[in-house]
Amino acid sequence: DPKIIQKPKYLVAVTGSEKILICEQYLGHNAMYWYRQSAKKPLEFMFSYSYQKLMDNQTASSRFQPQSSKKNHLDLQITALKPDDSATYFCASSHGLGGNTGQLYFGEGSKLTVL
Amino acid sequence: QQQVRQSPQSLTVWEGETAILNCSYEDSTFDYFPWYRLFPGESPALLIAIRPVSNKKEDGRFTIFFNKREKKLSLHITDSQPGDSATYFCAASGNYGNEKITFGAGTKLTIKP
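First to last, the protein sequences are chains A and B. Heads up: the first sequence at position 35 corresponds to 23 in the numbering used here, and the numbers run straight through without jumps. Just remember that the numbering used here sits 116 ahead of the position in the second sequence, which is counted from 1.
Just chain B, with the same shape it has in the complex:
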């Protein structure tokens, strides 16, 4: 059973629109939720992360919205740019990130100019 689920599997939006990537999790002990971004041919890299003490984390055009009760979170990318095209992985960890990080299957995002 997947501990971290992402949807959609792939997403295409036009440049300038807001892309919304969804994530849900099973384990209520998870307390650290990073998002990693993977460009083709490169390494996954941390983009933004949130802990359940907050229900929102913002970093420039990237915002995480977190709903602890429903065990859901989403990544919003505003004013999407072609350079944002990549695969985005939602991940989760327990013990304030001290336990292994479990990844979702990823959402492949394509921004059309």
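So that you can see chain A by itself, here it is in the shape it has in the complex:
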């Protein structure tokens, strides 16, 4: 059974619309992340959360808003979608930002296509 659940697995959106990507982890981890992978760029760090607090934000655009309603949830809201937002968005988690081994556990990704 997958320990990090991402929903939906695939989605198609039109330019200008808004989507929410869901992520839940059942590993008991305290830190959660969003990464993005597109054809043109490497697996790119977006956000990190620890105990539901934003720790690091490497996303320039405010159109991307993480939301953490519970310690094991980290959703990603994307507004005013653009075709360049097309990518696979991976949620990940780790034991913690402090004292961890650096190992990330990834979800299976949400592949977003913006038309």
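Simulated from the structure, these hints should not be mistaken for laboratory data. Any given hint might turn out to be false.
Listed next, with one range per pair, are the computed distances between beta-carbon atoms [claimed, not checked]:
#, chain 1, residue 1, chain 2, residue 2, range
1, B, E133, A, Q55, 46 to 52 Å
2, B, S190, A, I10, 34 to 40 Å
3, B, S144, A, V2, 44 to 50 Å
4, A, Y39, B, E131, 46 to 52 Å
5, A, K(-3), B, N171, 37 to 43 Å
6, A, V2, B, K187, 42 to 48 Å
7, A, L(-1), B, A161, 22 to 28 Å
8, A, P71, B, T226, 26 to 32 Å
Below, computed lysine-lysine pairings styled on DSSO-like, alpha-carbon distance capped at 30 Å [stated by the list, open to error]:
#, chain 1, residue 1, chain 2, residue 2
9, A, K(-5), A, K29
10, A, K41, A, K59
11, A, K(-3), B, K224
12, B, K173, A, K29
13, A, K(-9), A, K58
14, B, K184, A, K29
15, B, K187, B, K224
16, A, K(-9), A, K41
17, B, K172, B, K188
18, A, K(-9), B, K173
19, B, K188, A, K29
20, B, K172, A, K29
21, A, K99, B, K224
22, A, K59, A, K7
23, A, K(-3), A, K59
24, B, K172, B, K187
25, B, K172, B, K228
26, A, K99, B, K228
27, A, K(-9), A, K59
28, A, K(-9), B, K224
29, A, K59, A, K(-5)
30, A, K41, A, K29
31, B, K184, B, K224
32, A, K(-5), B, K224
33, A, K29, B, K187
34, A, K70, B, K224
35, A, K99, A, K29
36, B, K224, A, K29
37, A, K29, B, K228
38, B, K184, B, K173
We treat Cβ as the ideally placed atom computed from N, Cα and C, and that holds for glycine.
Model the placement of chain B on the given structure of chain A, informed by the hints.
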């Protein structure tokens, strides 16, 4: 500027050969270097990792060679199998892996039977 660079972008080797995947980095404060493997349709997963106290880390058919002075490392996969076909990401982190992990662009490896 990419902090972690990988080459080649894609690599094809015959079954049984050794595949060599290269990686270099910019930030001299990086002190933890994991390699992740991504099979199509699956999640990236940790394969093997090294810290600069060592210049070599071995795990079965997978070996990391690390050159701190040149800020380079490589992943060697010996006796390559078709099941090794995947995208391999070199990554780096500072503070013994307590900082965010920065990934390279990946090397897509294909093993031909």
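Okay, the hints, checked on the actual structure:
The hinted window of 46 to 52 Å between E133 (chain B) and Q55 (chain A) holds, with their beta carbons roughly 47 Å apart. Checked against the given bound of 34 to 40 Å, the beta carbons of S190 (chain B) and I10 (chain A), roughly 38 Å apart, stay inside it. Checked against the hint of 44 to 50 Å, the C-beta distance between S144 (chain B) and V2 (chain A) comes to roughly 45 Å, which is consistent with it. Between Y39 (chain A) and E131 (chain B) the C-beta distance comes to about 47 Å, which sits within the given range of 46 to 52 Å.
The beta-carbon spacing between K(-3) (chain A) and N171 (chain B), approximately 41 Å, falls within the hinted interval of 37 to 43 Å. V2 (chain A) and K187 (chain B) have their C-beta atoms about 44 Å apart, which keeps the hinted 42 to 48 Å range intact. Separated by about 24 Å at the C-beta atoms, L(-1) (chain A) and A161 (chain B) satisfy the suggested range of 22 to 28 Å. Separation of P71 (chain A) from T226 (chain B) is about 29 Å and conforms to the stated range, judged on CB atoms against 26 to 32 Å.
Only pairs whose Cα atoms come within 30 Å are accepted, and K(-5) (chain A) paired with K29 (chain A) is accepted, the gap being roughly 23 Å. Among the hinted pairs, K41 (chain A) with K59 (chain A) is consistent with the structure: their alpha-carbon atoms are about 9 Å apart, no more than 30 Å. Proximity of K(-3) (chain A) to K224 (chain B) is assessed by CA-CA distance (about 22 Å); at most 30 Å being required, the pair is judged to hold. A hinted pair counts as satisfied when its Cα atoms are at most 30 Å apart, and K173 (chain B) with K29 (chain A) qualifies at roughly 28 Å.
Between the alpha carbons of K(-9) (chain A) and K58 (chain A) the distance comes to roughly 16 Å, so the proposed pair stays at or under 30 Å and holds. Taking the CA atoms of K184 (chain B) and K29 (chain A), the gap is about 26 Å. The hint holds against a cut of 30 Å. About 22 Å separates the Cα atoms of K187 (chain B) and K224 (chain B), which keeps this hinted pair within 30 Å; it holds. Restraint check for K(-9) (chain A) and K41 (chain A): the C-alpha separation of about 21 Å stays at or below 30 Å, so the hint holds.
Of the pairs offered as hints, the one joining K172 (chain B) and K188 (chain B) holds, with about 12 Å between alpha carbons and a cut-off of 30 Å not exceeded. Distance hint between K(-9) (chain A) and K173 (chain B) is fulfilled; the C-alpha atoms sit about 28 Å from each other, no more than 30 Å. Between the alpha carbons of K188 (chain B) and K29 (chain A) the distance comes to roughly 21 Å, so the proposed pair stays at or under 30 Å and holds. A threshold of 30 Å between alpha carbons decides the hint, and for K172 (chain B) with K29 (chain A) the separation of about 29 Å falls inside it, so the pair holds.
A hinted pair counts as satisfied when its Cα atoms are at most 30 Å apart, and K99 (chain A) with K224 (chain B) qualifies at roughly 19 Å. With a CA separation close to 21 Å, the supplied pair K59 (chain A) and K7 (chain A) stays within the 30 Å bound. Among the hinted pairs, K(-3) (chain A) with K59 (chain A) is consistent with the structure: their alpha-carbon atoms are about 22 Å apart, no more than 30 Å. With a C-alpha separation of about 14 Å, the suggested pairing of K172 (chain B) with K187 (chain B) holds against the 30 Å cut-off.
With a CA separation close to 27 Å, the supplied pair K172 (chain B) and K228 (chain B) stays within the 30 Å bound. Straight-line distance between C-alpha atoms of K99 (chain A) and K228 (chain B) comes to about 28 Å, which keeps the hinted pair within the 30 Å bound. Between K(-9) (chain A) and K59 (chain A), the direct Cα distance comes to roughly 14 Å. Compliance with the 30 Å bound is thereby established for this hinted pair. For the hint linking K(-9) (chain A) to K224 (chain B), the alpha-carbon distance of about 26 Å falls within 30 Å, and the restraint holds.
The straight-line distance between the Cα atoms of K59 (chain A) and K(-5) (chain A) is roughly 17 Å, inside the 30 Å bound, and the hint therefore holds. A C-alpha spacing of about 27 Å is found between K41 (chain A) and K29 (chain A), which places the hinted pair at or below 30 Å, so the restraint holds. With a C-alpha separation of about 25 Å, the suggested pair K184 (chain B) and K224 (chain B) falls inside the 30 Å cut-off, and the hint holds. Among the hinted pairs, K(-5) (chain A) with K224 (chain B) is consistent with the structure: their alpha-carbon atoms are about 26 Å apart, no more than 30 Å.
Restraint check: the Cα-Cα separation between K29 (chain A) and K187 (chain B) comes to about 22 Å, which is no more than 30 Å; the hinted pair holds. Of the pairs offered as hints, the one joining K70 (chain A) and K224 (chain B) holds, with about 27 Å between alpha carbons and a cut-off of 30 Å not exceeded. With a CA separation close to 15 Å, the supplied pair K99 (chain A) and K29 (chain A) stays within the 30 Å bound. Restraint check for K224 (chain B) and K29 (chain A): satisfied, since their Cα atoms lie roughly 14 Å apart, inside the 30 Å limit.
Of the pairs offered as hints, the one joining K29 (chain A) and K228 (chain B) holds, with about 26 Å between alpha carbons and a cut-off of 30 Å not exceeded. Distance restraint check for K184 (chain B) and K173 (chain B): the Cα-Cα separation of roughly 14 Å lies within the 30 Å cut-off, and the hinted pair is therefore satisfied.
Of the hints listed earlier, there is not a single one the structure fails to meet.
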